Amino acid sequence: MNSISTDICIIGAGPVGLFAVFEAGLLKLRCHVVDALPQVGGQLSEIYPKKPIYDIPGFPEVLAGDLVRNLMQQIAPFHPTFTLGERVERYAKLDDGTFQLFTTDGTEIICKTICIAGGLGSFEPRKPAIEDLEKFEGGRGVHYMVRDPEHFRNQRLVIAGGGDSALDWTIFLADVAKEVTLVHRGTTFRGAADSAEKVQKLHEAGKVRLVLSSNVTHVHGNGHLEAVTITANGGSTESVALDHFIPLFGLTPKLGPIGEWGLELQDDAVKVNTLDYSTSEPGVFAIGDINTYPGKLKLILCGFHEAALMAQGAFKYINPDKKYVLKYTTVNGVPTL
Amino acid sequence: MTDEVRVYVEEAPGQRREVVAPTDMGLSLMEILKADGYDIQATCGGMALCGTCHVEVLAGPALPEPSDDELAMLESLPVMTQGSRLSCQIRITERMDGLVVRLMPQNA
Chain A
7 MNSISTDICI IGAGPVGLFA VFEAGLLKLR CHVVDALPQV GGQLSEIYPK
57 KPIYDIPGFP EVLAGDLVRN LMQQIAPFHP TFTLGERVER YAKLDDGTFQ
107 LFTTDGTEII CKTICIAGGL GSFEPRKPAI EDLEKFEGGR GVHYMVRDPE
157 HFRNQRLVIA GGGDSALDWT IFLADVAKEV TLVHRGTTFR GAADSAEKVQ
207 KLHEAGKVRL VLSSNVTHVH GNGHLEAVTI TANGGSTESV ALDHFIPLFG
257 LTPKLGPIGE WGLELQDDAV KVNTLDYSTS EPGVFAIGDI NTYPGKLKLI
307 LCGFHEAALM AQGAFKYINP DKKYVLKYTT VNGVPTL
Chain B
136 MTDEVRVYVE EAPGQRREVV APTDMGLSLM EILKADGYDI QATCGGMALC
186 GTCHVEVLAG PALPEPSDDE LAMLESLPVM TQGSRLSCQI RITERMDGLV
236 VRLMPQNA
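Sequence order for the protein chains is A and B.
Each step along the first sequence adds one to the number in our numbering, with nothing skipped, and position 336 is 342.
Each step along the second sequence adds one to the number in our numbering, with nothing skipped, and position 73 is 208.
Just chain A, with the same shape it has in the complex (with noise of 0.2 Å):
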């Protein structure tokens, strides 16, 4: 098993994120950064790299890709460690008082204090809403997302959504499982032209079946899901049996795991002490968007600065008895690690 042992796990690669690997390397703590996704920069790289951001102190203008670059060039000196790929899962306070962190691929990170620095949260399965269907999550014939095409195959399926990747799985799986239905609520796909028009070409062929102007409505099923109810704009009812249902309507930015963490929460955000970006749990701090507070502002720069004194506040909370004195890098220039 991999493991890894840090001063600050910081979760999320964004701006605020990599910043906070800066101020710390100026305290003289080593930094291990993890994120889902498979690059650093967050929303910057995986969201907008080419726009422009106008509200950076000092620089006019600055794409977002750009900043990223720069960021990684600022915080090269203190040898941040990186687990990229990956979402950490959760976490245990051991009896030293030291954090260990699980990410989804099972590698270990100890750590002295956590900081999380998670954004909009990871991007997860919008559900639609059918009572019922979260009963059968989890094995039990409800996917939100297909991880192993494998897992249909002569199997019985019904897929709903109208998007890119519910026409891409309908193309896909119409020659892996057994029956594919697509159920979209409208009459057209507006999503890539070419996909629709393969979808149409398979409906004819009769490898899927297509039913349009209708929303899977009910769920039904004794322990695994058996049926859903296709419900037509017009009100018509029909039963279809089924093996798996996949609705697929997009992802959409979630507090994840680190919701079910037993921090204070408040409108889906980490409530923070601004003394410190400090959280309700000690050893734990929140910067960036992911955090709330009295007058917040979901700012780069306000990120900037509440990762400078999160990095106090973990000094603090690691050095207990040691004296803190503010060094300015204009005097001391940048520290080593």
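Each hint should be verified, as a subset may be incorrect.
[Claimed, not checked] Below, in silico cross-link-like pairs of lysine-lysine (DSS-like), each with a Cα-Cα straight-line distance of 30 Å or less:
#1 Lys-169/B to Lys-133/A
#2 Lys-169/B to Lys-57/A
#3 Lys-302/A to Lys-277/A
Hint data in this document are derived by calculation from the structure and do not stem from the laboratory.
Keep in mind the model is a prediction, meaning the values are calculated, not measured.
With the hints as your guide, set chain B onto chain A.
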């Protein structure tokens, strides 16, 4: 007071509540509704990414066409109607006076 428009939120059938919105601040409809106390998550902050500011336009002046990003997001939602829009993508201008919208469920 020319720098203001009135938009209306249909809270129940036939029951509309007036919201006064300034036109000189470059605000989006999402920001106006949130500021007025409506329970809108708008998790992504206005980048057409989360779909949690979904509204249905019921009546009023014609709005600028949605962008491809907005359409793609709307298309992926479980519920979408003819009038579906992401309120974060609607910029408040003087032409919006009399707009009537209904909030859609957060997860739809």
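>> Lys-302/A and Lys-277/A were given as a pair; does the straight-line alpha-carbon distance stay at or below 30 Å?
In response: OK: Lys-302/A and Lys-277/A at ~10 Å, within 30 Å.
> Taking 30 Å as the top limit, are the C-alpha atoms of Lys-169/B and Lys-133/A close enough?
Replying inline: Given that 30 Å is the threshold and the Cα spacing comes to 24 Å, the pair holds.
> If you draw a straight line from the CA of Lys-169/B to the CA of Lys-57/A, is it 30 Å or shorter?
Replying inline: holds (25 Å)
Of the numbered hints stated above, none is contradicted by the structure.
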